[in-house]
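Colleague: These are the residues of each chain, in order.
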Amino acid sequence: QAVVTQEPSLTVSPGGTVTLTCGSSTGAVTSGHYPYWFQQKPGQAPRTLIYLTSNKHSWTPARFSGSLLGGKAALTLSGAQPEDEAEYYCLLSYSGVGEVFGTGTKVTVL
Amino acid sequence: EVQLVESGGGLVQPGGSLRLSCAASGFTFSNYWMTWVRQAPGKGLEWVANIMPDGSAKYYVDSVKGRFTISRDNARNSLYLQMNSLSAEDTAVYYCANKDVWGQGTLVTVSS
Numbered sequence: 021q022a023v024v025t026q027e028p029s030l031t032v033s034p035g036g037t038v039t040l041t042c043g044s045s046t047g048a049v050t051s052g053h054y055p056y057w058f059q060q061k062p063g064q065a066p067r068t069l070i071y072l073t074s075n076k077h078s079w080t081p082a083r084f085s086g087s088l089l090g091g092k093a094a095l096t097l098s099g100a101q102p103e104d105e106a107e108y109y110c111l112l113s114y115s116g117v118g119e120v121f122g123t124g125t126k127v128t129v130l
Numbered sequence: 002e003v004q005l006v007e008s009g010g011g012l013v014q015p016g017g018s019l020r021l022s023c024a025a026s027g028f029t030f031s032n033y034w035m036t037w038v039r040q041a042p043g044k045g046l047e048w049v050a051n052i053m054p055d056g057s058a059k060y061y062v063d064s065v066k067g068r069f070t071i072s073r074d075n076a077r078n079s080l081y082l083q084m085n086s087l088s089a090e091d092t093a094v095y096y097c098a099n100k101d102v103w104g105q106g107t108l109v110t111v112s113s
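Taken in sequence, the protein lines are chains A and B.
Under the working numbering, read the first sequence as residues 21 to 130, first letter to last.
Under the working numbering, read the second sequence as residues 2 to 113, first letter to last.
Derived by calculation from the structure, the hints in this document are not laboratory data.
Be careful, since some hints might not be right.
To be verified - So, partial list: chain B residues that the calculated Cβ filter (under 8 Å) puts toward chain A:
no.	residue
1	E47
2	W48
3	N51
4	R77
5	W103
6	G104
What the hints assert, rightly or not - With a cut-off of at most 16 Å between alpha-carbon atoms, the simulated EDC-like pairs for lysine to aspartate or glutamate come out as follows:
no.	chain 1	residue 1	chain 2	residue 2
7	B	K44	A	E107
8	A	K126	A	E27
9	A	K92	A	E27
10	A	K76	B	D101
11	A	K61	A	E105
12	A	K61	A	E107
Ideal placement from N, C-alpha and C gives every residue a C-beta, glycine not left out.
Let the sequences and hints guide you as you build the complete structure.
Modeller: Written as structure tokens, this is what we have:
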């Protein structure tokens, strides 16, 4: 099965902007991989932030946005807040095979 | 309120079996793909299996093929994961999700 790679860790200043990426070992990530992004804080279940590349749920803070960037899925956090410190995972779908989570990115707001 | 509640986790010996359940409410369960995800202690999320809304197609991660079976009962708004031939590597919190909403998870510990 495919390997989905994310940055292990990123640091952003309060109020700053950071972009997380999600790449696939099979090639460029496209909308056909139906990218999802999840946030997980210690001791909590994951929470869905972005679905189908760029769509937000009603509970998704406006400072989060999803896109495709340079052959990868991307999650951009603009105006980081202390409460955004968490682990972030992407999920890609592979037709007829199943789905694969990314390796996760730990975001520190400092 | 949309809710997913897992149950059935616990301590099981290597080689044993366990059946997890997930009760759904607050949304039209029969319209959604459903997914099981697990997270080993201190590790990342691992996609385990998913099932089509009508149950006609199911997909599994390679490491559980032939051992785990995902199923659903749309009349009961319930999702299941039958886990056989369990090993220590299956120790994890197991979550059910429709990918929009997640349950709180149930812990499965495989140990003698």
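Colleague: The structure should be examined with respect to each hint, and the outcome stated for every one.
Modeller: Comparing the hints with the structure gives:
Checking E47/B against chain A: minimum C-beta separation of about 6 Å stays under 8 Å; hint holds. Checking W48/B against chain A: minimum C-beta separation of about 5 Å stays under 8 Å; hint holds. A distance limit of 8 Å between C-beta atoms decides the matter here; for N51/B the minimum to chain A is near 7 Å, and the interface restraint holds. Violation of the interface hint for R77/B is found here, the shortest Cβ-Cβ separation to chain A being roughly 22 Å, above the 8 Å cut-off.
Given the 8 Å rule on beta carbons, the hint for W103/B holds: about 5 Å separates it from the nearest Cβ of chain A. Residue-level restraint check for G104/B holds (minimum Cβ-Cβ distance to chain A is 7 Å; threshold 8 Å). About 11 Å separates the Cα atoms of K44/B and E107/A, which keeps this hinted pair within 16 Å; it holds. Between the alpha carbons of K126/A and E27/A the distance comes to roughly 8 Å, so the proposed pair stays at or under 16 Å and holds.
Annotation: proposed proximity of K92/A to E27/A holds, straight-line Cα distance about 12 Å (limit 16 Å). The hinted pair formed by K76/A and D101/B meets the criterion: a straight-line CA distance of about 10 Å does not exceed 16 Å. With a C-alpha separation of about 8 Å, the suggested pairing of K61/A with E105/A holds against the 16 Å cut-off. The straight-line distance between the Cα atoms of K61/A and E107/A is roughly 6 Å, inside the 16 Å bound, and the hint therefore holds.
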